[in-house]
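Chemist: On the provided structure of chain A, position chain B as indicated by the hints.
Which chain is which? The protein sequence lines are A and B, in order.
Residues in the first sequence are numbered from 427 upward in steps of one, following our numbering.
Residues in the second sequence are numbered from 427 upward in steps of one, following our numbering.
Mixed in with the good hints, there may be bad ones.
Said to hold, decoys possible - Heads up, incomplete: computed chain B residues facing chain A, CB under 10 angstroms, no partners named:
(1) R474
(2) T506
(3) G507
(4) V542
(5) N545
(6) E723
(7) P725
(8) A743
(9) G749
(10) A754
(11) D809
(12) L810
(13) V815
(14) N818
Rather than coming from a laboratory, the hints here were simulated on the basis of the structure.
Think of the CB as a built atom: it goes at the ideal place given N, C-alpha and C, for glycine as much as any other residue.
There are 2 protein chains.
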Amino acid sequence: MNRSAISRVPGFLAGAVSAGIKKRDRKDLALIFSEVPACAAGVFTRNRVPAAPVLLDRERIARGRAQAVVANSGNANACTGKRGLQDAENTTRLAAQALGVDETLVLALSTGVIGVPLNMDAIETAVPKLAGGLRPDGFFEVAEAIMTTDTFAKIVSRRAEADGKAFSVTAVAKGAGMIRPDMATMLCVVCTDMGGPAGPLQRALTDAVAKSFNTITVDGDTSTNDTVLVLANGLSGLSLEGPGCASAFQQVLDEMLMSLALQIVEDAEGATKSVKISVRGAQNREDARAVAYAVAESPLVKTALYGQDANWGRIMAAVGRSGAAVDAEAVDVFFDNVRVVARGQGLGPEAEEMASNVLKQKQFCIVIDLGVGRAGFVVHTCDLSIDYVKINADYRT
Amino acid sequence: MNRSAISRVPGFLAGAVSAGIKKRDRKDLALIFSEVPACAAGVFTRNRVPAAPVLLDRERIARGRAQAVVANSGNANACTGKRGLQDAENTTRLAAQALGVDETLVLALSTGVIGVPLNMDAIETAVPKLAGGLRPDGFFEVAEAIMTTDTFAKIVSRRAEADGKAFSVTAVAKGAGMIRPDMATMLCVVCTDMGGPAGPLQRALTDAVAKSFNTITVDGDTSTNDTVLVLANGLSGLSLEGPGCASAFQQVLDEMLMSLALQIVEDAEGATKSVKISVRGAQNREDARAVAYAVAESPLVKTALYGQDANWGRIMAAVGRSGAAVDAEAVDVFFDNVRVVARGQGLGPEAEEMASNVLKQKQFCIVIDLGVGRAGFVVHTCDLSIDYVKINADYRT
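Next comes chain A alone, as it looks inside the complex:
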């Protein structure tokens, strides 16, 4: 399959070059450009040590319009102070000049090492070539250029219809949590020829992010750079206020972001398994969420998953310390369809042996039924492997 062919979105051009920010000759500078100004919305990291491009984008996106996104890998431009902010602004100015658009319509993304100034000479030299080489089928190159230690490029494309017309959506992403050392971290850009306005666009994005990226965790380490952007240029002739458009777009966006989120978990550092943690029977959604994250981020649960050990005792201990309202004697635990805990007690060696077969799979689900209510929450995570430690211990040394 030619992945680049299916990813075109009317009015959008994209491309990437090797600017020399990363070591070795890998693509590290990418540009996405809409031929007409687009409605824009964004969701950003809640980390209180946000990177310079996050600060810049937050301010610019408040006006609900953008026309280009310039992204670099190899350097997070985080913890770089005033100089970092100037570097981010200068990067967008260089791109704006090359594209002939207003500087304030250009957004910036960075991912890579924290605390090192951007190589602005390299960026200044590369931008004209980058802008001159943009193509309608350049999205796959963008997905490649924002990779850090990702092992595969993450891109999704969809076409759908609403109100009798077609619209296209392409989204690229990289990373997850702070799964990647110094490689802060999770970035995503969504491009569509659906139209705005910005308010409904922001609500659609916030909603889709809550259901996708905000339900995955690799190591619980939220990065300084997490950013999800959507640019909607309206060239389909549709707008989110047209009949059926908002729901059609929401459905497509939800599916696409979930697909990218699952790709990120699949590609998590050192991970050998993708595991869905599904909590139900909680008194309320907050409790269900607390239990799901306590289990998904427990080092003991994650190492047991790596060891293919149906060690439900560690799951029960994590449930118990989650802070949620828990009645130990009401809890059931399943690995896929195999029940290993009924009303807080283990079902014995036979059940565990069946469960250990489930754990041999690359993907499976752990269901925790708290048995005290009707609320639920789902989190997607991975195991904690020897390779995770190796990669993260050795990264900079």
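Modeler: Relative to chain A, chain B alone:
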């Protein structure tokens, strides 16, 4: 040094046997006995899936009196339902009969695998021999018998004076957090000939635990069995209400529990380093605590410590996601006395090289000055090594 000789406490007898609860012929059943009824206090896990002995002890200790503690390793007696509670009661009844004391004056401790019923036949057979072999210098054997995957026995003894008289304190402990797979987990018994009453004894214990065991973290996994008990038999002729006695006892207790807490971190599963995380300059103590734990439990920080990498970017990212009030441009970070971050920005390769020498040590301190207030908090932790993953992935399989 003959460790058992220094640990005697007037009126206390202790000992341990191999009952066959653990695999192999290791000691796994221990008993501590005060020849006279003692004042008693306890601090227990906040895990909402507490083990049976925790439920039993909580109820019994409410009366402020105890005369014996029976402890087993190899089985946590957690997630064992009604049968587990009966087994804990029966264990204390067997000990009470052998010692000739009231059953309700016997407390129980368990540590080991979750979800498996206790081998009551083994305990019933072993208790008479155990009770018959108690000795004044048997505390070291108790410390050995409650070990699970601990690599050394944890025991401290002190003599001190107050109000013109001497008093003795001996404490044994094992484990930490849920650092040990299925080996739930942190147990400690303090024996002293200081006297009560129970109210001041409980306050002294709660205070000492807050400053010691509650400032260590290995993997953030609070166990189902954590218990700290103190028995004060008063045979020194002193009481906590005597002049200077409360403060003298508190000082000794603080030092002893901190010593045991640090022994636990030193012995943490797979750990190669003991690291003190000292946060200062926070707006309030809760913020300082949140930052300290976010850094101490970050898998990325812990793997960098293992790799001896002065990777302050990961520390800044953890600070930023801690939920505390943080001004990125006010934060300083030190490794021991080497400053690597000033006002949120890195101080360059030279500082990092000096810092990497600090990280080669087995013990060091990371100081994080938030620069926005005067509150502080200290947490003791360890690194996350390949061995941690190996041990926890392979434990049951």
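Chemist: Which earlier hints turn out false for this structure, listed by number in ascending order?
Modeler: Of the numbered hints, just 5 does not hold.
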